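There are 2 protein chains.
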Amino acid sequence: MTAANTPSPAALSRAVAESLPLAERLFAELQARTGDGVGLTRDAYGKGEQIAHDLVAEAARSLGLEVRADAAGNLTMTLAGRDRARPGWFSGSHLDTVPRGGNYDGAAGALAALAALTALKRLGHRPAADLTAIAIRCEEAGSWFGGRHGGHLGSRAALGLLWPGELDSAVRLDTGKSLAWHMEAAGFDPARVRSGPPLLGPERVRGFVELHIEQGPVLEAAGLPLGIVTSIRGSLRARSARCLGAYTHSGAVPKELRHDAVLATVELLGELDRAWDGVLARGQDLVFTVGKLFTDPEMHGLSKVPGEVRFTLDIRSQETATMRAMEAEAQRLAAGIGARRGVRFELGPFALSEPAAMDRGIRERLAEGCRALAIPHQEMPCGAGHDAADFTRVGIPAAMIFVRNQGGSHNPGERMEIADFGEGVRLLAWFLATADLPPPAGAGFAKAG
Amino acid sequence: MTAANTPSPAALSRAVAESLPLAERLFAELQARTGDGVGLTRDAYGKGEQIAHDLVAEAARSLGLEVRADAAGNLTMTLAGRDRARPGWFSGSHLDTVPRGGNYDGAAGALAALAALTALKRLGHRPAADLTAIAIRCEEAGSWFGGRHGGHLGSRAALGLLWPGELDSAVRLDTGKSLAWHMEAAGFDPARVRSGPPLLGPERVRGFVELHIEQGPVLEAAGLPLGIVTSIRGSLRARSARCLGAYTHSGAVPKELRHDAVLATVELLGELDRAWDGVLARGQDLVFTVGKLFTDPEMHGLSKVPGEVRFTLDIRSQETATMRAMEAEAQRLAAGIGARRGVRFELGPFALSEPAAMDRGIRERLAEGCRALAIPHQEMPCGAGHDAADFTRVGIPAAMIFVRNQGGSHNPGERMEIADFGEGVRLLAWFLATADLPPPAGAGFAKAG
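Top line first, the protein sequences correspond to chains A and B. FYI, the numbering used here numbers position 273 of the first sequence as 273, with every residue one higher than the one before it. FYI, the numbering used here numbers position 206 of the second sequence as 206, with every residue one higher than the one before it.
Calculated directly from the structure, the hints in this document are not laboratory data. The structure presented is a predicted model; accordingly, all values stated were derived computationally and were not measured. It is possible that part of the hints are untrue.
Below, in silico cross-link-like pairs of lysine to any residue (SDA-like), each with a Cα-Cα straight-line distance of 20 angstroms or less [to be verified]: (1) B:Lys304 with A:Lys304; (2) A:Lys304 with B:Gly142; (3) B:Lys255 with A:Glu327; (4) B:Lys255 with A:Lys304; (5) B:Lys304 with A:Ser353.
Same shape as in the complex, but just chain A (with noise of 0.2 angstroms):
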């Protein structure tokens, strides 16, 4: 697809090979100036995740892009559009990391929204509307911040999507001060985002793309260097499951006397997992994790029988029916099976993340650009949480593209090549020159679940 305005994929290709060396000087600064020793640390608003924005910023600068900090502190860097009015697309992703993570979960996504930026100016491209580049502040929020909060503190932040009062709950797990006082200690305006109307919202954004590392091995097995993301998949979690039996001597007590814990947990697991393949079978989305599982360190022994085990449940799927129906086969499961071993089990409650669809509209628009630069790639879901899916939540059209990464996420062996990233960005270009073109007959928006 070339249209008036728009580069040729050759020309675009080009551009975009000429822009990755800013890109890897910013991953190897980033990596020199936010290492702890072990990975890298770049806490969410504090002194790690400053240094990351400083120097992105001062990169997209010297671009000449224009460059802002909204409220919250998210940063954006922009190339104005003929229409400064109209809607414009942004893509980006976080720039903070979990303590002693990786260089890319996060800063391959900002990064490679500024290359896309620069090759299109340096093909002196005039989009019809702004694009943006956007660093967000503070997605792991998770591994920074306690108390009570949703995470994704950022975007959220951003979004109009805070809970009442959560700038003052989240507090910072090290410091013991509030999300509001971090963010005006970061020279940011809590009170703006406290009261004011959204600073991100439908009539500002066309839509969102992020690009991102896998966090997974498919791509990597699959030979591929990326990925179109169908989905960012719900969970549903039992944090404090439990089986209460009775403990008794192990040597002194027959089979059908015992009330034991883990031998009936045994059962109900094992069911699940057959039941996961009746799932899959079916072509539905479905992971299930039981990451968690121990009888009580003060009680258990070699020669007693368990009285006690406890556990999680990870139900995850694009579907929150999948999830709805896989929980409503373990308390099934769990009733029948403590009823027929004497024990109890108690799975505790459910918490939903639900589902965030990618636009349909996107997602085919990302799918041509691939075929037109000849990108191999596959659609896929996303398992782990992005701020793609707050976008979702307020309406704004989101996608995501992952790139190959191997070492999964989250540690310091996170191993994305610059090769398939330049991929990525060339395909994040190809989508930013041609977004404005009219959509394929057909394609709609497909809501947050």
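Fit chain B to the known structure of chain A by using the hints.
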């Protein structure tokens, strides 16, 4: 069965009924004088055990029995036989407890033997050979002594079963002093234990009968006061089994790319649970316990696919072959599941303790006694270790009488009814009064396996 010089069942029952108040008084004094505020504490080769030995010895002396302590501190109380040189019958159990234990585990057997001799003496019975009640030291060695030792230190010291150096390598957990030190401090003669011939052997002991509370709920569930033990189960134990997989993101990794240690372990343990059902269906004796099962508290998380699980396996049976078959099944399943699920099981070493078959001739006489005295009973295995097993290891025929007990053992909730205890004393007195009659034709001595 009545014969010359043996009392009638009716006369015996009356004499036992008249000797029970003595046992009740001794139980009450033990309760009062070795209580710790929570349960009972009679520390082995310490003050609590000595209080119990002094109480019992004083009662035996006042009854006119011959009271002695051997070089290891085991207390013998003998009703002299017509032929003092002939090997005699012994009956008894230990007087020590676990810390904060109950009043009956051990003491019931020592007091039952004393009460039975009291009844026989009251009847003017003159046995063919000596009849001896024995209060054994330090059966709960695992609760009091650390270092290197093989448990049951009192009976094993008497029977010549201590390992070379065990008197020095067994070290009391609270004092740090050796078994030899404590034996000497309590007034006994570790040098004699160390160098002389065994204090007890087949040339002196015709057979050993131990009455003990049942440590499980079988008799309670069956509504029977007494059980006759067929065999003391052996055990085959893996203390440090584990499954090694790989930690990954619970949302981002599809099922086929996981190395999930929990779900692999769940499959293994579920299959072993079914294998256990199969063994029982074939009429074989087996109990199977996973007392400890835990993910790594330093590494696990709600949203991490678990990369490691540790667990224990406790396999017990009256037949070594049944235990070895279960071990082989565990290894076979672990290899197959490990290969299929991309994890590695390391079940670690299995430690074997052989079963100890109770003597068939004594068991048949005990069953005959139950019929003569109209005592409802059943045959049953014993799941825990007892001094009786050690007697079988040196070729002394041994057997056990179980008395119904609620509340398990090794805790303050042990609850034996004195009426059930009385049935045990009746059976024991009948057995001791008639034991020197010729055994029924065809009865042989089953040795330890």
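Against the structure, the hints come out as follows:
1. B:Lys304 with A:Lys304: violated (29 angstroms)
2. A:Lys304 with B:Gly142: Distance ~15 angstroms between Lys304 of chain A and Gly142 of chain B Cα, so the pair holds.
3. B:Lys255 with A:Glu327: Status holds; Cα separation ~18 angstroms.
4. B:Lys255 with A:Lys304: violated (34 angstroms)
5. B:Lys304 with A:Ser353: holds (17 angstroms)
Of the numbered hints given earlier, the model fails hints 1, 4; all others are met.
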